[in-house]
Amino acid sequence: MVSAKRIASDFRVFSRGYLRNKFGLFFGLVFPVILIVIFGAIFSGNSSGTIAVYTQNQDTGPFLSPQMDVAAQFVQALNGTAPDGTRISDTWPIRVELVDSSENFTKYLADHSSSDGIIIPANFSANYLAGKADSVTVYGNPTSSTSGIVSGTVNGVINLFNLKYYNSNAIPIISITSTTVNTEQTQYVDFLIPGLIGFSILVSPMFSLVNISSEYKKTKLFKQLSLTPLTKMEWLASKVLWYIVLTAVSFLLMVVVGVLLFDAHVTLTVWLIPFLLLGPTLFASLGMLVGTITKNPETAGVIGNIVTFPMMFLAGTFFPISIMPHYLQNIAHVLPLYYVVEGLNNVMVYANYTGALIDIAVVGIITIVIFAAAVRLFKWRED
Amino acid sequence: MIPIEVSSLKKYYGEIKAVDEISFTVDEGEIFGLLGPNGAGKTTSIEIMEGLRKKDGGDVKVLGLDPWKDGYELHKKIGVIPQEFTFFEKTSPREAIIYYADLFGIKVDPDEILREVLLEDSAKVMFDNLSGGQKQKTGLALALVNSPELLFLDEPTTGLDPNARRAIWEVIRGLKAKGKTIILTTHYLDEAQQLSDRVAIMNLGHIAAIGTVDEIIAEHGSGERLEIHGSKKLADYIKKNTSLKVEYREGMVSIQLKQKIDALAALATAEQSKLDWGEIQTRRDSLDDVFIKLVSGMVDEHGEIIVESKNRNVNG
Chain E
29 MVSAKRIASD
39 FRVFSRGYLR
49 NKFGLFFGLV
59 FPVILIVIFG
69 AIFSGNSSGT
79 IAVYTQNQDT
89 GPFLSPQMDV
99 AAQFVQALNG
109 TAPDGTRISD
119 TWPIRVELVD
129 SSENFTKYLA
139 DHSSSDGIII
149 PANFSANYLA
159 GKADSVTVYG
169 NPTSSTSGIV
179 SGTVNGVINL
189 FNLKYYNSNA
199 IPIISITSTT
209 VNTEQTQYVD
219 FLIPGLIGFS
229 ILVSPMFSLV
239 NISSEYKKTK
249 LFKQLSLTPL
259 TKMEWLASKV
269 LWYIVLTAVS
279 FLLMVVVGVL
289 LFDAHVTLTV
299 WLIPFLLLGP
309 TLFASLGMLV
319 GTITKNPETA
329 GVIGNIVTFP
339 MMFLAGTFFP
349 ISIMPHYLQN
359 IAHVLPLYYV
369 VEGLNNVMVY
379 ANYTGALIDI
389 AVVGIITIVI
399 FAAAVRLFKW
409 RED
Chain S
12 MIPIEVSSLK
22 KYYGEIKAVD
32 EISFTVDEGE
42 IFGLLGPNGA
52 GKTTSIEIME
62 GLRKKDGGDV
72 KVLGLDPWKD
82 GYELHKKIGV
92 IPQEFTFFEK
102 TSPREAIIYY
112 ADLFGIKVDP
122 DEILREVLLE
132 DSAKVMFDNL
142 SGGQKQKTGL
152 ALALVNSPEL
162 LFLDEPTTGL
172 DPNARRAIWE
182 VIRGLKAKGK
192 TIILTTHYLD
202 EAQQLSDRVA
212 IMNLGHIAAI
222 GTVDEIIAEH
232 GSGERLEIHG
242 SKKLADYIKK
252 NTSLKVEYRE
262 GMVSIQLKQK
272 IDALAALATA
282 EQSKLDWGEI
292 QTRRDSLDDV
302 FIKLVSGMVD
312 EHGEIIVESK
322 NRNVNG
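As given, the protein sequences belong to chains E and S, one line each in that order.
Residue numbering for the first sequence follows the numbering used here, starting at 29 and increasing by one per position.
Residue numbering for the second sequence follows the numbering used here, starting at 12 and increasing by one per position.
Only chain E is shown next, with the shape it has when bound in the complex:
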């Protein structure tokens, strides 16, 4: 009944029409890449501005005089001001974010999605003044571009203290201890890429199918097509196929841009394939469904937006849902796109394949239900 030949010829005509429409092409392919560039530039923090480094000063004294609080001076130096009050450099790369000494530091870094941190140990000041060797611990992720800058800067500050407060013949008293952390999210852009891939999986097929299906109904193009042997299932299948192709191209573009411009770390595995297949199928069908059950293109547009916009922002596309308030997180959990984005994150960032499997199952079930509903409710002809 379903003919691959007819799907192929419909696919050919549709894709040719799509490629001839410069606006659609821009929206489908270039727009998500532009979003990556914009958001990446705003939030990635390694191109301009300073890197925020969580620092825990465990040396709480007591100090006989403020001059004896070397740890505080060290923190000040980490912020770019030498103990004598002069600026070390105009373009100081890091900025200290003090963490209360009662916090579990490793957990704190993980909770704040950061891999860069510094611990100044207890008795640091006393040891320094007494000339006893001590060490500052620097947390970092060797794969992250910021970590090198942080440890380099800390090294510089340590040298400054070693030179200034001790005679040059002796061995340096402060040393550096590096600790590698595998924070779950290393950089914003690493997280942004799966998010925006999810975004493009949602937006292109969804808006396009809402528009096409309601317009075709209005202009009676569906009636026209119903007079040929093409079936509505074949028609929808060719649209789905096209958006899978478009998603794959868009995916590659985004990964390349993310890696080249922002040094993003993405894992490319076969685990991505189910999401790149199911995602466009799901949202093309959902768009079709919206266009089918609404009376005219205007209503379809409105309903389409109502369905799409919450997903665009709340499903973890631009921001991780962990930073959102609880009630918004609850909303996120009922949005189909959430499971696509979570799955992509599980695969590309966390290498959590058990989690990804659950996401594939959830997305798969939603896709089957929506596709079946779209094909069933969608009418070529009128009663």
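Treat the hints loosely; a few may be bogus.
As the list claims (entries may be wrong) - Taking lysine-lysine and the DSS-like style, the derived pairs with C-alpha atoms no more than 25 Å apart in a straight line are:
| no. | chain 1 | residue 1 | chain 2 | residue 2 |
| --- | --- | --- | --- | --- |
| 1 | E | Lys407 | S | Lys65 |
| 2 | S | Lys250 | S | Lys304 |
| 3 | S | Lys28 | E | Lys323 |
| 4 | E | Lys246 | S | Lys285 |
| 5 | E | Lys33 | S | Lys65 |
| 6 | E | Lys407 | S | Lys72 |
| 7 | S | Lys244 | S | Lys285 |
| 8 | E | Lys407 | S | Lys250 |
| 9 | E | Lys323 | E | Lys260 |
| 10 | S | Lys304 | E | Lys33 |
| 11 | S | Lys87 | S | Lys28 |
| 12 | S | Lys80 | S | Lys21 |
| 13 | S | Lys118 | E | Lys260 |
| 14 | E | Lys323 | S | Lys65 |
| 15 | S | Lys28 | S | Lys72 |
I should point out that these hints are in silico values taken from the structure, not numbers from a laboratory.
Starting from the structure of chain E, add chain S where the hints point.
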């Protein structure tokens, strides 16, 4: 086989009887015109025959098939241009023909079809850049892809300029010459008259008259009339002094002629009256006259029918 048989066809939209018990047949090789004002039920009827709409009652057989139940089979055998034909914007007529041929799983020569509908010159122009007439010709071309013996043309020239309309007529005549059976809806009287072998005049869901144009005029027209430019007084004088049926309208005395010799009596009486009278002529009711009588409507300067819609707003 009789290509189309329709009996007691009914289609209601709620309270509105869009098509109310119409019956007719269309014979092989003829052009059958469904003529009527907007809202007469033409498009509803033709869409039921095409299998695009479900009927509410009656019997419809197209090429021996039930158009709704056997639509998929039927569509392989018929060609259709829906009203206000549109197609994918970024597709050329040539590509559209190849696309249709692929869907039907047949091989065609796209250029031959383009020639047949007089569209060779615009073969590679994107659909959204075509003129109204070229768009309709694209529709005709697509209707011909599967070499159907039966064609449905729903208002093929609505909204086109006179030249484009004549070009479409030429294509339609060419198709008839090839022996195709064509059913055509139109609200242009001249189109129905120019193209159709037989016409059904539809009004408010009913068929008001059916037959060849001459048959309809003979049946529903008033026959030959003598018209005299003159006054109301003259009309009254002739009426009083003869047994003839006389009407007066806007400076024109109109006398029905049961036989040609009646004209002599009428003129003699006019002469007797000593009143002034001007030009004389005899004429028959045209399709326009009959149409106005049947549909109680008006025809504008383009031959298009304007009718007060009596609480009906269903299109077709």
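Status of each hint after checking the structure:
1. E:Lys407 to S:Lys65: holds (13 Å)
2. S:Lys250 to S:Lys304: holds (23 Å)
3. S:Lys28 to E:Lys323: Since the Cα atoms of Lys28 of chain S and Lys323 of chain E sit roughly 23 Å apart, the hinted pair holds (cutoff 25 Å).
4. E:Lys246 to S:Lys285: violated (66 Å)
5. E:Lys33 to S:Lys65: Roughly 30 Å between the alpha carbons, so the hint for Lys33 of chain E and Lys65 of chain S is violated.
6. E:Lys407 to S:Lys72: holds (23 Å)
7. S:Lys244 to S:Lys285: holds (11 Å)
8. E:Lys407 to S:Lys250: violated (64 Å)
9. E:Lys323 to E:Lys260: With a Cα-Cα distance of about 19 Å, the restraint between Lys323 of chain E and Lys260 of chain E holds, given a limit of 25 Å.
10. S:Lys304 to E:Lys33: violated (54 Å)
11. S:Lys87 to S:Lys28: violated (31 Å)
12. S:Lys80 to S:Lys21: Roughly 17 Å separates the two Cα atoms, so the pair holds.
13. S:Lys118 to E:Lys260: holds (23 Å)
14. E:Lys323 to S:Lys65: holds (19 Å)
15. S:Lys28 to S:Lys72: holds (21 Å)
The structure is inconsistent with the numbered hints 4, 5, 8, 10, 11, although it conforms to all the rest.
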